[in-house]
Every structure is written in C-alpha cells, then in structure tokens.
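Novice: Here the protein sequences come in this chain order: A and B.
For what it's worth, the numbering used here labels the leading residue of the first sequence as 1, then goes sequentially.
For what it's worth, the numbering used here labels the leading residue of the second sequence as 1001, then goes sequentially.
Just so you know, these hints were derived from the structure itself, not from any lab.
Predicted model, so just to flag it, every value in this text is computed and none were measured.
Think of the CB as a built atom: it goes at the ideal place given N, C-alpha and C, for glycine as much as any other residue.
Just to be clear, a hint being listed does not mean it is correct.
Said to hold, decoys possible - To spell it out: a stretch of chain A is covered by chain B in this simulated footprint if at least three of its residues, at any positions, have a beta carbon under 8 Å from a beta carbon of chain B; those stretches are: (1) 58 to 66; (2) 295 to 309; (3) 429 to 440.
Said to hold, decoys possible - Below, computed lysine-lysine pairings styled on DSSO-like, alpha-carbon distance capped at 27 Å: (4) 1152/B - 1069/B; (5) 1273/B - 1244/B; (6) 1088/B - 456/A; (7) 1147/B - 1090/B; (8) 1068/B - 1213/B; (9) 456/A - 1140/B; (10) 1069/B - 1090/B; (11) 1147/B - 459/A; (12) 1152/B - 1141/B; (13) 456/A - 1213/B; (14) 1059/B - 1090/B; (15) 311/A - 1152/B; (16) 467/A - 1147/B; (17) 459/A - 1059/B; (18) 413/A - 47/A; (19) 1140/B - 311/A; (20) 1069/B - 1244/B; (21) 1244/B - 1068/B; (22) 459/A - 1069/B; (23) 1152/B - 1140/B; (24) 311/A - 1147/B; (25) 456/A - 1141/B; (26) 1273/B - 1090/B; (27) 1090/B - 459/A; (28) 311/A - 1141/B; (29) 1088/B - 311/A; (30) 1069/B - 1141/B; (31) 1068/B - 311/A.
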Amino acid sequence: MNAPSITTTSSQDTAVPSRFNLGAALKDSAITALITLGLSIPILSYKTEQNGSDLFLRSRWELVAVICVGVFVLRLLMHAFLATRAARQAVPGPHQATEPVHAEPSAFQHVSKFAIPMFLGVALAFPAIIYLIQGSLNESRYWVDLGILILTYVMLGWGLNIVVGLAGLLDLGYVAFYAVGAYSYALLSTTFGLSFWICLPLAGILASFWGMILGFPVLRLRGDYLAIVTLAFGEIIRLVLINWVDLTNGGAGISSIPRVTFFGVPFTSGDDGFAALFGFDFNNMHRIIFLYYLILVLALVTNFVTMRLRKLPVGRAWEALREDEIACRSLGINTTNTKLTAFAIGAMFGGFAGSFFAVRQGFVSPESFNFLESAIILAIVVLGGMGSQIGVAIAAIVLVAGPEMLRNLTFLKAVFGESFDPNEYRLLLFGAGMVAMMVWRPRGLISEREPSVVLKERKAISGSLVKEGHG
Amino acid sequence: MRWQQDPVLDVQHLTMRFGGLVAINDLSFKAGRGDITALIGPNGAGKTTVFNCITGFYKPTEGMVALKKTDGTQFFLERLPGHHINWKGKVARTFQNIRMFSGMTVLENLLVAQHNSLMIASGFTFLGVLGVGGYRAAEKKAIERAKYWLEKTRLIDRADDPAGDLPYGDQRRLEIARAMCTDPVLLCLDEPAAGLNPRESLELNELLLSIRKDHGTSILLIEHDMSVVMQISDHVVVLDYGTKISDGTPSEVRNDPRVIAAYLGVDDEEVAKVEAEIGA
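Excised from the complex, chain B in its bound form (with noise of 0.2 Å):
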C-alpha cells in the first residue's frame, strides 16, 4: 500500500467540534504520493469539513495534518496561516460550488493564481511601478504557464472571456486549471464532477489522469460520482458522520458491508439483529 509507504498527506485524529456538533471524529487517514485518493460518503458525512481543515479555511479542534514533501520536508497545514497553505504547503483546492473571479477574464484568473511568485518578481510593486527590475519577463513566463493550462483544459478560446460567462462544465474545469497554476503538491478537488454530463466527467477523468501523470500531483477529491472514483482513484476513504467507517483500494471498499450500509442502508433483520446484540 503506497498510502502507508510514502504519504503525501498524514492526518492523524482529526476532530473538528463546532458547539456540539461533531462534524469530524478522530479521523486518521493517509493519502499516498501520487495516488489520487477520493474521500467518499453520505451527504453531511463531513467531507468538506476535511477540506476545509486541510486547506486552513478551518482551524481543526483537535489532530494533526501533516504534508510531507519528496525533499523531506515537512509542513503541518493546520498550523499555518490560510494563505501559506498554498504558497509554501502547496496544497490547491476547487470548492463545491466554483469560486472563480467571474468578472475577470479567463487569463487573468489564471495570473492571479500565480500571484505570489509574481509579486517578487515586480519587488513587491515597488520595482513594478517603476517599471525596472525583471516583472515583464516573469509576468510573460506565468502567461506562457497560463497558457499550457488552457490547452490542456482546452479553454485556449476562451482565454479573453470573462470566466463568468463560461458554460458551467469549462468553469469546473477552470477551477483545476487555477489550482494547478499554483504548482501545487496535492490538489484538492471538491466535487469535481458535480453538475458534469458524462461525456463531461470521462474527459475530467483523463485530465486528472494527466495530472497526476505529468506533474506527479497527488489528488485527493471529494466525489458523489462513483463512475469517477471507482474507475480513476487509487485509495478510497470513505466517511460517515464524521467519523471513517473504511479506507482501501475501490475493489474492497466496494465490498464492504458498512460501506453498503452507511449508503444504502441496512434490512430491517439486520438492524433488529444488531439490537438484540447491543441489548436495546
């Protein structure tokens, strides 16, 4: 199992309390180099709570997430601060429901993505507004970058659009392309193929394959699809109110008995079996 080898991600006991809700209950999960690991579940079983965790949008109650690069280096996110998650972490993420900057232009949005690396470049606007210093050429370097990532989303049309006037499926597949512009180590997809035809989500599938493919990006993705999880990832965690009822590949996940119950729920035998057991 590559997962226990070489993690890229190590969470250990992550809990996540808002009052008393318990939105995560001591998850431990690995997710390994260059997997693509989908975190599936029930809806409200707190896959987004994990996000968002990892990603610094939440500061978790309790555990660790720790990011471990190839160089041995090690960061754990959920100390942090929101913004260094991505510029020293390299942790990218897509939301649920796409946040692009839709009055921007398809291009800009992806420069925007760069903007860190960008902002040395012009000296911290300093050396930018004076116009010296080596801003024009690192800013011709990000569009050059910009551009691979359009042609291979294959939005290169649409580069001088507005990015909120894309269809929803181009939007969905911008979201990756701007994550993707921040060299990330592990890319967060949350619900990728949410609202995708099929023909949609197959094309999606290939992409992600490249990804990880051509850039060693390891992927962890939230995914009510299981076309798409089952065929591309290799690790399946699946959660159910808050807490891991299986983790494994997709073929023994598949078969799991409580996975088949915490999605489909169980007979009525089977529930007055396991009563009569606890003694209810």
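Only chain A is shown next, with the shape it has when bound in the complex (with noise of 0.2 Å):
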C-alpha cells in the first residue's frame, strides 16, 4: 500500500526530461511517420478496382500521405504530454510525499459537486431545450427519443449497480429481469386489460420475484461461477420467451400493447384525448414527452431510494459484504437474506424500466433482450464506477449516445472517401473507449466511494482499498 511513495522517490532519482525536448520529439515523430509510410505503401497506396471485366489499380496516395501526416502529429503530442506529465510527476506535492495512499481528490470530484444539479436541471429542461434549439416538435423526435433510450440505460444501470456495484455480485443476466418486466406488462395490460399504473408495480414485484428465485441456487458460487450462472439464467428466460409460444405468442412477440396514458387520459386526437382535454393542438409528441418525464421520474426513483438504502443498514451490510463475506458472518449477518434483497430490489427496478420499456414500444420480442443488453448494462456499471451512483449516469449517456452521435460524423466522408460509412465502425470505437478507459482509469470514472455516514469530516474513499466483491 505505500508503494506510491517509493515511485515518488525514485521517480526522481532516474533522469526524467524536465523540459520538453522539441528536437529530439521531432526526429522521432519524423521516423515514426517514415515507418508508416513505410508499412503503408504495401498496403494502402494501391487498391484493385474492377469496373465490369477490367481490373485495375487505382493510386491512393492521398490516403497515405493523411496517415502519415496523422501518425506524426499524434506520435508529437505524445511527445508533449507525456514530457509533462514526467516533469510534474518529478516533483511531488507535499501532500503525495506524506500520505500516498490518499489521493486528492479526482477533477471528477470536484466536478461532481457542480456537475449533480447540472446534470439534473438539464435532464428536466432536455425536452424544452430541444424543442427551442430544433424550432419544432416534430423535429426534436430524434432527440427526446434519445433522451429517453439513455435514462432507460441510467436507471437500468443504476438498478444493476446495486447488485454488482454495492452487494459485489457479478451479474451477467440482469435483462431477464427488464425481460420478466416488459411481458408482464405486455402480458397482463393485452390479456386483462391493466392499466400502466397497475401494471407498473406488479412487473417490479414479479421481476423482484424472479431475482430471488435466481437468488437461491447462486447462493453458494462466487466470482466466474456466479457470473457464468447468471449469464444462463438469463439465456434460459429469453429462451423460454421464445419457445412458449402459447404465452407469449414466441419470436413474433407481442404487439398493440396499449399505449401510456396521462393517469387515464389517453394521448389521442379524439376529444377525450390529452390535447384536446388541455386545450393544444394534437400533436403526436405529448406522449412521447410524457414517456420522457416518465422515465425521468422512474430512474430518479431509483436513484433516490439506492441513495438512501445505502444508508440504511441493509446497504452498509451489501457493502460489508463486498468487502468481506467472512466478517459479515462473525458479526451476525444473515448473508443469505442480504444477498437475496440485493438480487431482489436490483431486479426490481429491472422490473419497472422493462415494463416501461413495453409501454413505450408498445411492441415486445424476446430479441430485445439478448445478452448483448446485459453487456451494454454491465459496461456501463463498469465503466462508470462500481457503486458511483453519478459515474453510472455519465457511463450510460457516454456509452448510449455516443454511439449514436456517430451516425452524425458524415464529415468524415471527406477525409475517407465517399463509401467511408462511420456507423459501422460504431462498434470498433466503443471497444477502443472501453479499452482506453480501462488502462487510464481502471476502476471506472469515478472510482472514490463517499462514506454512507460521517462523524466529523467526509472524506472519499480512495478506490484502491474498495474491493470489487468476489461474487
């Protein structure tokens, strides 16, 4: 644990460049580019062509010349920054040299303070804000559509947080709960005629249900074990969605399932409908806005009621669980009940976004809940700091927006050519982020942990002494 403070040392005992060297960077960077070109002429300069019979090359040296030009100025910058970084790591702050262990804290930290009230005044004025920037309500489809994909990814990880981020239990199968959620539903609102309102809360205890009965036979596994059955269960209940087809009419799925009302007042042209009721024209983006406040309320609920659980003792056992099963046990806690309220409030939230997720398609099939979604949910976990309420928010709009700003990226076509379509590299970049991400900040975007109660002064947790859980 004081291995900081011995790299501090002797950080400055090896000869660190203090001051970037210009000259000696730029013969580099030069080589760098020589090897590119290099390593590009065989590959890139030339591209067979077929126009009907004929084969020809056609020259690309355009292309060439780009990288070449791109490999240098990138191999210059690394130049600079990481001189920078050597000539400030030469010199440690008082603090750094006495206490290694604590870190300051992070520009994220810091940032956190603004960044909540921010992120929440923007989240409630999105809509507006949209409607003002594109001129009308037709247009800002697009975007209120997104808005409401991403808090659906923010209160999904946010619900996944508290079993893998807070109780340490890897799970690899949450969509089986958004799953259970989403048909009950579809199942319940197209066979009985429910109401959303009703629905809502009976697909979160129903998906709380299901949790618990995964719950059980997992007890026991910890760490890949208790991933790889979680991974199956949630094989099992897509599976069992496709191939019941007398319930769930199977891969066809279920369709018309009724859309959401304003507490009962449908959002219809007629003249009992929404608009017609408050007095606006019709317009076809009332329900979608309603569906963003929607989901808006719900992922807060969820954050809220994660917020003051860890509070309580329950959440202070999930994290004492995390830490270290063992003296959990010594100190007389039932870690059988704890984990099962872990799995279950988790999959509970699973539950209520999936249920929302059906109203607003009003249409659902079990190949909306492959294992790919769970993926994307752990990632965002992950990515955004296990147990980091505000990481798990940032991870999920990087993770879910980002991706999609790139359909936007058509200047590209420019560098690239005209078939140079950025979309499908949608996928190669999000893994690159992810393996960025992972080397610069391994425990996630915010990876300090805030104390759950404070005697006299709040200090954060540096990440490095929270464990992640075995499972």
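Reassemble the complex: the two chains are provided individually, in unrelated frames, and hints are given to aid placement.
Specialist: Shown next as structure tokens:
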C-alpha cells in the first residue's frame, strides 16, 4: 500500500526530462512517420478495383499522406504529453509525499458538486432545450427519443449497480429481469386490460420474485461461477420467451400493447384525449415527452431509493458483504438474506424499466433481451465506477449517446472517401474506448466511494481500497 | 476454580475431522465467566480450528459447544446457523489475518457490527426507506456506541478514514472494537497480539483487562505472545496435535513438563526412556 511513495522518490533519481525536448521529439516523430510510410506503401497505396471485366489499380497516395501526417502529429502530441506529465511527477506535492494512499480528490470529484445539479437541470429541461434548438416538436422527436433511451439505460445501470456495485455480486443476466418486467406489462395489459399504473408495481414485484428465484441457487457461488450461472439464467428466460408460444407468442412477440395514458387520459386526437382536454393542438410528441418525463421520474426514484438504502443497515451490509463475507457472518449478518435482497431490489428496478420499455415500444419480442443488452448494462456500471451513482449516469450517456453520435460524423467522408460509413465503426470505437478507459481509469470513471455516515469530516475513500467483491 | 463452577463456555468431547486428518481430538474444556482464558499450543495444534467450531465456521464432527448466559439460558453453538452465533449466542470473534471492511470508514465498520439491531429499528428496511419509524434515533445511538469504542481503542481521530488506511496495530484494535460493538458475552480473539510491538501489546493487555472489568465480557484468546498470556489470563488451556495436554492457571501450566516438552521438545535421553517403557 505504501508503494506509491517509493515510486515518487525513485522517479526523482531516474533522469526524467524536465523540459520538452522539441528537437528529439520532432526527430522521433519523423522516424515514426517514415515507418508508417514504409508500412502503408504495400498495404494502402494501391487498391484493385473492378470495373466490369477490367481489373485495374487505383493509387491512393493522398490517403497514405493523410495517415503519415496523422501519425506524425499524434506522436508529437504524445511526446509533449509524456514530457509534461513526467515533469509534473518529478516534483511530488507535499501531500503526495507524506500520504501516498490518500489520492487528491480527482477532477471528477470536484466537478461532481456542480455536475449533479447541472445534470438534473439539463435532464429536466431537456425537451424544452431541444424544442428551442430544433424549432418544432416534430423535429425534436429524434433527440427526445434518444433522451428516453439514455434514461432507460441510466435506470438499468442504477438498478444493476445495487447488485454489482454495492453487493459485489457479478450479474451477467440482468436483462432477464428487464424482460420479465416488459412481458409482465405486455401480458397483463393485453390479457386482463390492466392499466400501466397498476402493471408497473406488479411488474416490479414479479421481477424481484424472479430475482429471488435466481438468487437461491447462486447463493453459494462466487466470482466466475456466479457470472456464468447468471448468464445462463438470462438465456433461459429468453429461450422460454421464444419457445413458450402459447403464452408469449414466441419469436413473433406481443404487439399492440396499450399505449401510456396521462393518468387515464389517452394521448389521442379525439375529444377525450390529452390535447383536447388541455386545449393543445394534437401532436404525437406529447406522448413522447410524457414518456421522457416518466422514465426520468422512474430513474430518479431508483436513484433516490438506492441512496437511501446505502444509508440504511441493509445497504451497509451489502457493501460489507462486498468487502468481506466471512467478517459479515461473524458479526451476525445473515448473508443469505442480504444477498437475496440485493438481487430482489436490483431486479425490481429492472422490472420497472422493462414495463416502461414495453409501454414505450408498444411491442415486445425476445429479440430485445439478448445477452448484448446485459453486457451493455454491465459495461455501464463498470465504466461508471462500481457503486457510484453519478459515474453510472455519465457512463450511460457516453455508451448510449456516443455510438449514436457516430451516425452524424458524415464529415469524415471528406477524409476517407464517399464509401466511408462511420456507423460501421461504431462497435470498433466502442471497444477502443472501453480499452482506453480501462487503461486510464481501471476502476471506472468515478472510483472513489462516498462514506455513508460521517462523524466529523467527509472524506472520499480511494478506489484502491474498495474491493470489487468476489460474487 | 471459577471455570469449573460458573463456566460461560462448555466444550465437551469436541472432535473435528477433515477427511482422515483429525484436527481436534476429543477436546473438553471450560471457560469461566468473566475469565480471560488463553488457548495456546504450538503451530498446527488446532487452536484456530477450535475457534472456527465455536464461532460456527466449521460444524464439529462430534461433540458439544454450550454457551451459558447469566440468566441461565443455554445455547448449543454447534446447532445454531452461522449468523445466529453472534446475534443470538452473543459470541463475537476476530481473525488471525485481520478481516476489515477496508473500503468502508472506521465508523461504518462499527455500524455494520450493529446491523441486526439497526435492521429492526429500520423496520427491516421498509420503514427506513420511507423515513418513518425510529431509525434515525437508533442510528444516533449506534453512532454513540461506536464513538465509545473508538475512544476506548484510541481510534476516534481516524473515525472517518477508510479502515484499510489504518496501520496494522490500529486495525487489530479496530477489529476488537468492531467485535465489542455486537455486545458479546464471549469475545474470541485469534492472536490479537500478532505483529504488535511490545508497547502495543502492553496497551492491548490493558484494553482486554478493561473490557473484562467494565463490560463483564469473558474473553477466549489464542496467543503465541507469552507476555500477553501469562500476564492477563486467568486460565490457560494447552493444545498439541488436537488434544488437550494441560489445563490450569498460568503458573501451573508454565511448570507442566508436558507443556515444556511440547514447546521445547524433550531430551534424547527421555525419548529413549519412554521408548523403553512402551517397548518400541
């Protein structure tokens, strides 16, 4: 644990270039660019093209030039970055020298004070902001839809955060509860005609029931084994949904699920519709904006309850379970019940989100609940920083909105040619981003833990002390 | 002998086998109420196994572990489910290799120890989430109790630091404070003085004596540090190869030839004599 102090002293001994040596950096960058040139001549400079029966070579020297210049500039930037960082590290701050374990509160920590009210404000005003930017309701549809999608993932991330982040139980099948919630609403509303507001709590209860059913067999499992069983559970639910055709209509899914109503008032153009009742002109966007606020409220409820639970004995027991299960047992904590409540409450929020999904889409099919969904939700939690609410929200925005934004990078066609479609590289960039994140912030965006109770002074707990749990 | 008249813990014919290995062989001993009982023995004698049987981490193969409270109620610890041993049986323990909740603050560690009573106060979470009921007052009381133990273990200044940041000696004391927050009848300490310097083990002695004096908690401890064992314990039980070889006051045990033999080994002459006796 005291290793950092050793490294700071040793870094003074080694010859660290305290100033950026431009000449050497330029030389090295030029060499790198030359190597790139050498490599790209055989690979990139000519392309075979077929025109009818003729095969001919097309030279692409401009592409080679772009890449070489790019490599040169990047290499130069890397030198500049490393030199400044080395210079900064060569002189340790007094705090760093005496207390290596106490990392300074990170930039994120400072930002989060302003960030939370700002995020909340932006989230609340989002439809209005988009309306002002786009100028009309219909044109803002894409953005509000994107907002709904992001908030759904924020909510799912927060729900899974209870299981993975707080209790330290690795759950790869979280999408199963999302599916249970969605199908609960779909079936209850189409079969019995129950309204959304009755189905929402029912979906939550059913999902948490399934959470406990999953919980029982996996109580004794840890780590990789737990992950595999939860993964299997997610697949079982999906396969049951596909194959139990009598109940779920199989792969065709359930369609014409009743739309959401404004507490009983439907969003229709008729006389008893929302628009007529409140004296608006009918617009389909009213429903979308209502859905936006619905998921915002659901997500905030999830957050509120989680924050509350963290300060209650059950929340502390979850975190203690993540830290050391044996010590928990020696202190009289019933680890079985504690694990089951974590699964059940996490699953409940997944169920809420699922029934929202069903009411928003008006159609559910097993296709929506594949493993990739689980993986994305888990990625959101891990990238955000396990246990950190704001980190999970940021990660959800980045992971859901980021790939979506790539669709708009049409200007890249000017560089890579007309046939270049940035959309095809979405997953590649997604993966590269994850790798980069894990290199620079291996414990997630916000790894510090906030203590749940304070005697005198609130200190953030460095992520290096917080355990990830063993499942 | 207090441990004969008023035992808090009565271990009878305890046997623990792991496959063919007999870790504890027909062990019977008693720990007196209000006594500090030391369990000593060479490495691998089975001391920690005895602890694990008492605190429910192992289910003994044979035998009985009875805990008697002052009101006459008796718990058979080997029959209780693991978490009830602390909550109902009021037996708390520490670990040989410290088990802190290292990512939680010192104060949080002590609140986790009061989980069950806080759980009831929060209406098993249902009332607590809604913010009704007496949870707030109960939490305040729990914090007061934690503060008491932090002051007693001189950790009050580090209350808001993560437990993993504390130096080793502080972590040892914090583990004792955490165990004491569960308000135990019997406190089992697994090598509490391991890794402490002489000054720290002296402080530990004082802490243990004051725990016994002020709270009436009986203490059962495993220890290699003879300065701790001989100075503070009232009763010493010596184990070797899973069997009890000696049982008595510190001075009796110190002069017991079998104990000396187990710790220091015996002369070759004596080995030859014993071999002659048994005809080997």
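Novice: None of the hints should be skipped; say for each whether it holds.
Specialist: Each hint tested on the structure:
A count of 0 residues in the region 58 to 66 of chain A with a Cβ less than 8 Å from any Cβ of chain B is obtained; the coverage claim is therefore unmet, three being the minimum. Under the rule that three or more residues need a Cβ within less than 8 Å of chain B, the assignment of the region 295 to 309 of chain A holds, with 3 such residues. Chain B is given as covering the region 429 to 440 of chain A, and this is violated because 0 residues of the stretch bring a CB closer than 8 Å to a CB of that chain, at least three being needed. Between residue 1152/B and residue 1069/B the alpha-carbon distance is near 25 Å, which keeps this suggested pair within the 27 Å criterion.
Distance check on the hinted pair: residue 1273/B and residue 1244/B sit about 23 Å apart at the alpha-carbon level, within 27 Å; holds. Proposed proximity of residue 1088/B and residue 456/A is contradicted: the alpha carbons are some 33 Å apart, above 27 Å. Simply put, residue 1147/B and residue 1090/B have alpha-carbon atoms about 21 Å apart, close enough for the 27 Å limit, and the pair holds. Between residue 1068/B and residue 1213/B the alpha-carbon distance is near 19 Å, which keeps this suggested pair within the 27 Å criterion.
At most 27 Å may separate the alpha-carbon atoms for a hinted pair to count; residue 456/A and residue 1140/B meet this at roughly 14 Å. Between residue 1069/B and residue 1090/B the alpha-carbon distance is near 9 Å, which keeps this suggested pair within the 27 Å criterion. A distance of roughly 18 Å separates the Cα atoms of residue 1147/B and residue 459/A; the hinted pair therefore holds under the 27 Å criterion. Simply put, residue 1152/B and residue 1141/B have alpha-carbon atoms about 17 Å apart, close enough for the 27 Å limit, and the pair holds.
As the CA atoms of residue 456/A and residue 1213/B are separated by approximately 30 Å, the hinted pair breaks the 27 Å bound. Taking the CA atoms of residue 1059/B and residue 1090/B, the gap is near 18 Å; set against the 27 Å cutoff, the hint holds. For the hint linking residue 311/A to residue 1152/B, the alpha-carbon distance of about 25 Å falls within 27 Å, and the restraint holds. A distance of roughly 25 Å separates the Cα atoms of residue 467/A and residue 1147/B; the hinted pair therefore holds under the 27 Å criterion.
Between residue 459/A and residue 1059/B, the direct Cα distance comes to roughly 41 Å. Violation of the 27 Å bound is thereby established for this hinted pair. A C-alpha spacing of about 18 Å is found between residue 413/A and residue 47/A, which places the hinted pair at or below 27 Å, so the restraint holds. At roughly 13 Å between alpha-carbon atoms, residue 1140/B and residue 311/A fall within 27 Å of each other, so this suggested pair holds. Of the supplied pair hints, the one linking residue 1069/B and residue 1244/B holds, its CA atoms being roughly 25 Å apart against a limit of 27 Å.
At most 27 Å may separate the alpha-carbon atoms for a hinted pair to count; residue 1244/B and residue 1068/B meet this at roughly 22 Å. For the given pair, residue 459/A sits about 41 Å from residue 1069/B by alpha-carbon distance, which is inconsistent with the 27 Å threshold. This hinted pair checks out: residue 1152/B and residue 1140/B have alpha carbons roughly 18 Å apart, not beyond 27 Å. Taking the CA atoms of residue 311/A and residue 1147/B, the gap is near 18 Å; set against the 27 Å cutoff, the hint holds.
Between the alpha carbons of residue 456/A and residue 1141/B the distance comes to roughly 16 Å, so the proposed pair stays at or under 27 Å and holds. Proximity of residue 1273/B to residue 1090/B is assessed by CA-CA distance (about 48 Å); at most 27 Å being required, the pair is judged violated. For the suggested pair residue 1090/B and residue 459/A, the alpha carbons sit about 33 Å apart, so the restraint of at most 27 Å is broken. Simply put, residue 311/A and residue 1141/B have alpha-carbon atoms about 15 Å apart, close enough for the 27 Å limit, and the pair holds.
Using a Cα cut-off of 27 Å, the hinted pair residue 1088/B and residue 311/A holds, with the two alpha carbons roughly 25 Å apart. Simply put, residue 1069/B and residue 1141/B have alpha-carbon atoms about 25 Å apart, close enough for the 27 Å limit, and the pair holds. The hinted pair formed by residue 1068/B and residue 311/A fails the criterion: a straight-line CA distance of about 35 Å is larger than 27 Å.
Checked against the numbered hints listed earlier, the structure breaks hints 1, 3, 6, 13, 17, 22, 26, 27, 31; every other hint is satisfied.
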